[in-house]
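Student: Each protein sequence line maps, in turn, to chains U and P.
Reading the first sequence from the start, the letters are residues 1 to 104 in our numbering.
Reading the second sequence from the start, the letters are residues 1 to 163 in our numbering.
Honestly, the hints are just simulated from the structure, not real lab data.
Take these hints with a grain of salt, some might be off.
Below, computed lysine-lysine pairings styled on DSSO-like, alpha-carbon distance capped at 30 Å [what the hints assert, rightly or not]:
#1 K7/P <-> K76/U
#2 K7/P <-> K121/P
#3 K88/U <-> K93/P
Label pairs and their computed distance ranges (CB to CB) [stated by the list, open to error]:
#4 D157/P <-> D73/U: 34 to 42 Å
#5 N15/P <-> A79/U: 18 to 26 Å
#6 C147/P <-> S81/U: 19 to 27 Å
Even for Gly, the Cβ is constructed at its ideal location relative to N, Cα and C.
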Amino acid sequence: MRHLLATGAIGTPYMGLYHSLGAGNPIFITPWRHRSERGGFILDMAVHFTHMIRYQLGDFAEVYADARMVEQDRQKTAAMSMDYDYYKKRLVAMPECVPLQSEI
Amino acid sequence: MTQAVFKMEKGATLNWIGGHGSAHRGLILGAEGSIEGLGVRGGRVVFKRHGAEDLSQEEILASAAGAGLEFDPLTQHLFPSGVTAGDPLVDPKLIAYELHEMVKAVRSEREVEVDDGCGLKDVAALYAVFESWRAGRAVQLSEVETCRVYAYQEEIDVALGIA
Chain U
1 MRHLLATGAI
11 GTPYMGLYHS
21 LGAGNPIFIT
31 PWRHRSERGG
41 FILDMAVHFT
51 HMIRYQLGDF
61 AEVYADARMV
71 EQDRQKTAAM
81 SMDYDYYKKR
91 LVAMPECVPL
101 QSEI
Chain P
1 MTQAVFKMEK
11 GATLNWIGGH
21 GSAHRGLILG
31 AEGSIEGLGV
41 RGGRVVFKRH
51 GAEDLSQEEI
61 LASAAGAGLE
71 FDPLTQHLFP
81 SGVTAGDPLV
91 DPKLIAYELH
101 EMVKAVRSER
111 EVEVDDGCGL
121 KDVAALYAVF
131 ESWRAGRAVQ
141 LSEVETCRVY
151 AYQEEIDVAL
161 GIA
């Protein structure tokens, strides 16, 4: 992808879009991802995307943003979204609910 | 969840919605075409050209190979097709690659691709989202990287005892 951009295949990039969203309140892999002092899942996950955006489009200069904590608690899911054994083992020990915490 | 508009140093703007969800989309628009996807692991990329057929990721790779672009030997070994989508071992393979890169760097045989300065900028972009929300105004990344805008981070640093 970077080869395409570097060789001017799409011309000068003028706009990008990154969306990741969905409904529901599952615990995202591990409870710590819902605690802001440990990063929170937005920082934990989205940093991969800020990296890729910088890799493709160069450095960020400025941002105007809004943030909301919509879900008041997070619930344990019946199964992990990824099929790794170590994730399955974590699920067994996971609490049923992560109550309201400051994830943002 | 977070919503943001980023301005990039090279002039592009980026529309951002970041939350926990199963629906993901990345797109880069250019004056002569666009790219669907951001090139993240496990994802796919489609090259859309004005007035021409779309190119799949496999076709993009074939075209790039024809232009002389090559993957390094370890990447070729781990991802022979060059496509990570659908690979159930993509995460362990990437961790293996990162460990290989780190060992090479320790042996002074190469620089790590993502160094401390790169990591700082990647993380600062996310903190800038939260700092902008907290400040109620647009913030410069330079303000966040140097902690001149610091309200959101300060609460965390206090909680961790490192303020």
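Student: Find the hints from earlier in the document that the structure breaks and name them by number, from lowest to highest.
Tutor: Hints 1, 4, 5, 6 contradicted; others consistent.
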